[in-house]
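S.K.: Just so you know, the sequence shown maps onto residues 106 to 248 in this note's numbering.
No lab work stands behind these hints: they were computed from the structure. Ideal Cβ placement from N, Cα and C applies to all residues, glycine included. One should not assume that every hint holds.
Subject to a maximum C-alpha distance of 30 Å in a straight line, what follows is the list of computed DSS-like cross-link-like pairs (lysine-lysine) [claimed, not checked]:
(1) Lys239 x Lys178
(2) Lys242 x Lys178
(3) Lys220 x Lys242
Here are the in silico distance ranges between beta carbons for each label pair [unchecked claim]:
(4) Leu133 x Val215: 16 to 22 Å
(5) Ala210 x Phe115: 30 to 36 Å
(6) Asp116 x Ala217: 34 to 40 Å
(7) Ala213 x Gly192: 20 to 26 Å
(8) Gly162 x Ala137: 17 to 23 Å
(9) Val189 x Asp159: 43 to 49 Å
(10) Val113 x Ala137: 22 to 28 Å
(11) Arg216 x Tyr163: 33 to 39 Å
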Amino acid sequence: MNDATPPVRFDTKIAVLIRDDLATWQRLNATAFLVSGIGTAAPEVIGGPYADADGTGYLPMFRQPVLVLCGGKEMLTAAHRRAVDRGLTMSVFTGDLFATGHDDANRAAVRAVPKDQLDLVGLAVYGPRNPVDKVVKGARMHA
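Please take these sequences and the hints and turn them into a complete structure.
M.R.: Have a look at this one:
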């Protein structure tokens, strides 16, 4: 690993905002689902495949850091509204999804609720740095 390489400043940002009252397993589960949506909707964020020194291949990952933040229910509601207003690429995870068992049921659970009434427990947003920063303004780094 070469630490002499200057850091790259990306023009875009990936941010995940998770509700702060979730159990640890729920935070991790929701985060994994949320970022998978960003990777499929914005393929430019995916880097190249990995390989170790023995030639064992590994899947590609994001080409840039993912900022993981947390906040209360009101914070998620406000961030969701700001992301929608700015037309940013976003994935959502609602409380109902913890009780579903497959993708079709997940989509049906979200589809059944108007956007202003979603029980948001997490969202991931991708876009230009400044608009993403404005969406997650006031959230704190996840510990």
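S.K.: None of the hints should be skipped; say for each whether it holds.
M.R.: Going through the hints against the structure:
{"no.": "1", "hint": "Lys239 x Lys178", "in the structure": "holds, 17 Å"}
{"no.": "2", "hint": "Lys242 x Lys178", "in the structure": "holds, 14 Å"}
{"no.": "3", "hint": "Lys220 x Lys242", "in the structure": "holds, 20 Å"}
{"no.": "4", "hint": "Leu133 x Val215: 16 to 22 Å", "in the structure": "holds, 20 Å"}
{"no.": "5", "hint": "Ala210 x Phe115: 30 to 36 Å", "in the structure": "holds, 35 Å"}
{"no.": "6", "hint": "Asp116 x Ala217: 34 to 40 Å", "in the structure": "holds, 37 Å"}
{"no.": "7", "hint": "Ala213 x Gly192: 20 to 26 Å", "in the structure": "holds, 25 Å"}
{"no.": "8", "hint": "Gly162 x Ala137: 17 to 23 Å", "in the structure": "holds, 22 Å"}
{"no.": "9", "hint": "Val189 x Asp159: 43 to 49 Å", "in the structure": "holds, 46 Å"}
{"no.": "10", "hint": "Val113 x Ala137: 22 to 28 Å", "in the structure": "holds, 25 Å"}
{"no.": "11", "hint": "Arg216 x Tyr163: 33 to 39 Å", "in the structure": "holds, 35 Å"}
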